[in-house]
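Listed below, chain by chain, are the residues.
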Amino acid sequence: MNEIAITSGRMNQGVDPVLHAWTWEIPLYLYLGGLVAGILFFSAFFYLRHRENVFPAAIKIAPLFTPFMLAIGLLALFLDLTHKLYFWRLYTTIRWESPMSWGAWTLMIIFPLSIIWSAFWVKDVFPRWDWKIPFVEKSIDFLARYKAYFAWALIAFSAILGMYTGILLSAFNARPFWNTSILGPLFLVSGLSTGAAFILLISRSEQERHRFSQIDTFLIGTEIFLIIHLFMGFLASTSVHIHAAEMFLGGPYTAVFWTLVVGLGLLVPMFIEIMEMRGVKVPVVIPAVLVLFGGLMLRFIVVDAGQSSRWLYKFMEQLIF
Amino acid sequence: MRYAMAIDTKRCVGCADCVVACQTENNVPEGFCRDWIVEETIGAFPELQLEIRSERCNHCDDSPCVRCCPTGASHYEEGGVVLVNHDECIGCKACIASCPYDARFVHPEGYVDKCTFCIHRVREGKNPACVEVCPTHAMIFGDLDDRNSEISKALRTRKHKTLIPEAGTDPHVFYLL
Amino acid sequence: MGKKLNRREFIKIAGMGAGGLAVASSFLKPVSLFGQSVSREKLIASTFSEATPTYCEICFWKCAGWVHKKDGRPWKIVGNPDDTHSNGRFCPRGTGGLGAYTDPDRLKTPLIRVEERGKQVFKEATWDEAFDYIAEKMNGIKEKYGPECMALFTHGSGGGYFKNLIKAYGSNNIAAPSYAQCRGPRAEAYLLTYGEGIGSPERTDIENTKCLVLIGSHIGENMHNGQVQEFTRAHMNGATVITVDPRFSTAASKSKYWLPIKPATDLALLLAWINVIIEEELYDKEYVKKYTYGFEALKKAVKGNTPEWAYPITTIKPHIIRETAREMAAAAPAVIIHPGRHVTWYGDDTQRVRAGAILNALLGSWGRRGGFYAPSKAHVPKPEHPPYPKPQKGWRDAFPDKYPLANLALSSGICDATIPSTTDACSIKGWIVYGTNLMQTLPQPQKTIKAIQNLELLVAIDIMPSEITGWADVVLPECTYLERYDDLRISQGRVPSIALRAPAFEPQYNTKPAYWMAVQLAKKLGLSAYFPYEKIEDYLEYRLKAVGSSLAEMKKIGVKNLPLEQELYFLNGEDYEFATPSGKIELYSDTLAEHGFDPIPRYTAHEEPQEGYYRLLYGRAPMHSFGRTTNNPLLTELKLENEVWIHPKVAREWGIENGEYIRLENQDKVVSNKVKAKVTERIRHDCVYMVHGFGHTQKQMRRSLNRGASDTQLITRVNVDPIMGGTGMRVNFVTFRKEVA
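Protein chains in written order, with my numbering: chain E, 1 to 321; chain A, 1001 to 1177; chain W, 2001 to 2741.
Chain E with its partners taken away, still in its complex shape (with noise of 0.2 Å):
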């Protein structure tokens, strides 16, 4: 029998019983920058396959929304800051072994980047739009003349945004859960899914949804993969991994992972696209609101997980759970 315990009185907040460092800002930013990822890459991508009269909410009208997604997940990210009067900082060096460095720099050149890419497409959202300034009005009609490179642009900075999101997580080896090479494919897949499915849920061309319900489900399925992968690698691994996959495999994360994110949020929503691709009339949006909700889940429960396993001090998660 191994008897372990700190007779120190150790109880430092946000560290102990298990680490709370962040709550609902990561996981929010993580998502949001999944879910922009997913718009970009689709309207870039169909954008460069000339598919802009088939596909217009992919292309015109999603992009739309991304700045102001944008906007909420950095003002998440900057409130989940406990210095913030130095956030600055972040700006005043590159450190190529920082995946919060990278996001920080990927998102600097995003934002401008979906604001840019959405203000090519106002004026076909919104005939009667008028830019006020004439200095605006030009340069974006001179941008304009670049549109393809603009989207190879976004089509690459979109991707590392999606893997990003996973890849700052698995950075972070100290936390068995995340220590995980599929979590960066993982985040990429479901960005790209939540993406898809935010098209699907504000398209309104017959064709553009059949379409992106198939790609829906393709990538739906890809996930469901992938996650089987991620319990399979860490059963297979070390003690602490073994503990931390236990946590989704009758411990205390088991609910909810597999009802709401797998269930509600993954199967139901393929099962019910299958079935409208079969013909069966079903409303778009509950598949499209399902996959949202479990991307939000996903990332949710995967950064609450990843902070209650740990390497040291296992015997402090009996006060919690």
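Some hints could be false.
DSSO-like mimics (lysine-lysine), calculated; alpha carbons at most 27 Å apart, straight line [claimed, not checked]:
1. W/K2163 x W/K2676
2. W/K2674 x A/K1153
3. E/K314 x W/K2674
4. W/K2256 x A/K1161
5. W/K2584 x A/K1159
6. W/K2649 x A/K1126
7. W/K2256 x A/K1010
8. W/K2299 x W/K2524
9. W/K2669 x W/K2119
10. W/K2167 x W/K2524
11. A/K1126 x W/K2070
12. A/K1126 x W/K2560
13. W/K2649 x E/K314
In short, the hints are calculated from the structure, not lab data. Owing to the predicted nature of the structure, the values given are computational and were not obtained by experimental measurement.
Given the coordinates of chain E, assemble chains A and W onto it according to the supplied hints.
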């Protein structure tokens, strides 16, 4: 110069003097601690063994906390001591999540704090507060690059270990067994 | 388990809306431990600090040290390297001493009771009002019953001034709980055997010993500084440590032998060891011949106490008993059977400690290197005063023929003498209680309350609003040791030494030092002649001058070690006259025989707990001094509450999980506060253990209120040592109550 600390588990009685001394020396805010005592009992009555350890930031040679810091606030200084520049820390808490030893915490003033090996004392040629106060002389601090330092001699002559070496961070706090 | 998280998840998601709060909280102003906004750099960058010498009052080791300030604000306390008590390193309690100064729950002003005793309704009073009240009552008691009916309980550096006052007033009823509730049996046992006591700090030459036998001593959790340091040095030098303890203590974990003895059977083990040492002729023959008296009687008496006899009683295997005895003999004379410190366990404690003393004598360790040295104490004259009046009666008159060999007053005796009965010749009417929380110090708290209710005056002098202050008529708030001068520390040691306590801070609030209080009260009582120096600085200057020093010098050095005037080790063949009736070490005690007690210790079985009950054992934690520190802001961070140690088999039987809160109920149906269970292999299955000093009920002490459980509350029975009146407290048995509500 490579600073390191060794704690003699044969001498340590787990009195937590190192914890209080650190608190007063470094004005650690109430409710937080930079070091702590762990008691580990192995065996079943009456065949028992007890190991008592004073733990803190290990000032790792290959610290994930330095690597993941987006602003460079978390950095190495002389002797490999890992310190946090308060003016550069934004409080993103990435370093807290990346530490396998859970040694860091968010100071009420907003920046991230942890054991500093009392670098302000070391620079004056003194020992860290915890080493200085330990009544049983269970703690040694010194330069691993100096063959004749007390710590180098101790590590040469005594069996020792580090905590979760499999985390791969190359910690600089050793436990003499 | 899943349900719990769902709730937590839900709350967190719902709490998203409290994001606004999150924004606000992240901008909260940082507050340092000492209550002011502090920039870390500011405090650490500057290296200048002012240092004041002091000696610690957190426990009775009284280590000398330096109080460091930065820009007038408290910074830290460190040890004085010249002091042999600490060798420059304070223990965690001393290091955390600043917490006593900054504790916002401190007593702040004199209080006078306005409602029924115990209701804790006080009015704030001026010092003058308080002293007038006390003087009036004391004069009244003197007139009506005689001055002998005032008693003083004291446990602290300021006690000496009140001792002087009470003696001047005409009473000898002065007791420190450290006698009958702690070290008393040890003092008498060694006095009876060697004609000398052990004293404090103990005269054990631990750092030079080759074999240390700890029987009921938990060095390491008992953080008596110098002793722990010596223990470590001896241990690292290869000394064999033999620990006899029902619990795998820290000391046990560093021992070569851990004997998990059945509680209450230690005397059997000691007798078995004596048997082995004698039968195998392992004793120091020359030493025994030259210095001891009664060897043949001893040999005869322990003939039947073989290891085989002791085995079923103690559960220690015979071969272990023999092996350990041989280890001791091999190391002799550098061997110490440690006399213990708190030894009031089962009521036969004087005899048990005496058995240890006898064993030391057989091994020849008394007066030899690695055994027991001759302690030196500085002689520092006090200013003269008129002779004390002779009291006509004392607490003893309440117990004629009892406790004949008690050399000091029994606090429990005084307490008993306060409860009126038909046989008493002196019923005490007034108590002054200095620096001791009698409600947790004296066992059988129900008796203490009964006694208090019969008092006409109860004065409590304390730093914190501890439970005893709640019962007082007058509460006098003393400032902490960091805010006052006190009498010189003159303690025994390898070298004689004196230490100065000087104030590092001005007294906070409306608190005053005990010396000042005693002087003022003396004025009111017309006893100023006994306090020739109104200011303590002048008193100290007088004393220091007499040994060739001065206040100025002591302020610079803190501790002065004086020249050694006697040999440390004195029994290496020299002639020596012991202060005993026979002039020798009494293995057989005529004194005891004369009073009808066993001249040689004899084992008697003690009551065992019944089914479902477990013997309650208690002890110390290294970061606390019992109730003294349970509200200290720095030390409560280390340990906020105590736990009850339970063997895993017992826990399984009762369905108790590690960390679960339960209650303890004793044999008299008294139920404790809820306390955390520590399920551990480190304790026997027939007893439970907890740290003493928790379970406070005073609302004014916010940090300690209801934290942990009070063992005192469960000690409703005592076995009184008939020899000297010590209250054996480990005779209570507890069972578990799982309903915590």
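Taking the hints in turn, this is what the structure says about them:
1. A threshold of 27 Å between alpha carbons decides the hint, and for W/K2163 with W/K2676 the separation of about 41 Å lies outside it, so the pair is violated.
2. Between W/K2674 and A/K1153, the direct Cα distance comes to roughly 49 Å. Violation of the 27 Å bound is thereby established for this hinted pair.
3. A hinted pair counts as satisfied when its Cα atoms are at most 27 Å apart, and E/K314 with W/K2674 qualifies at roughly 25 Å.
4. For the hint linking W/K2256 to A/K1161, the alpha-carbon distance of about 23 Å falls within 27 Å, and the restraint holds.
5. For the hint linking W/K2584 to A/K1159, the alpha-carbon distance of about 49 Å lies beyond 27 Å, and the restraint is violated.
6. For the proposed pair W/K2649 and A/K1126, the alpha carbon gap of about 49 Å is over 27 Å, so the pair is violated.
7. Of the supplied pair hints, the one linking W/K2256 and A/K1010 holds, its CA atoms being roughly 12 Å apart against a limit of 27 Å.
8. Pair hint W/K2299 plus W/K2524 does not hold up; C-alpha atoms about 61 Å apart against a cutoff of 27 Å.
9. Between W/K2669 and W/K2119, the direct Cα distance comes to roughly 25 Å. Compliance with the 27 Å bound is thereby established for this hinted pair.
10. Simply put, W/K2167 and W/K2524 have alpha-carbon atoms about 15 Å apart, close enough for the 27 Å limit, and the pair holds.
11. As the CA atoms of A/K1126 and W/K2070 are separated by approximately 18 Å, the hinted pair is consistent with the 27 Å bound.
12. Taking the CA atoms of A/K1126 and W/K2560, the gap is near 25 Å; set against the 27 Å cutoff, the hint holds.
13. The hinted pair formed by W/K2649 and E/K314 meets the criterion: a straight-line CA distance of about 23 Å does not exceed 27 Å.
Violated hints, in rising order: 1, 2, 5, 6, 8; the structure is consistent with all others.
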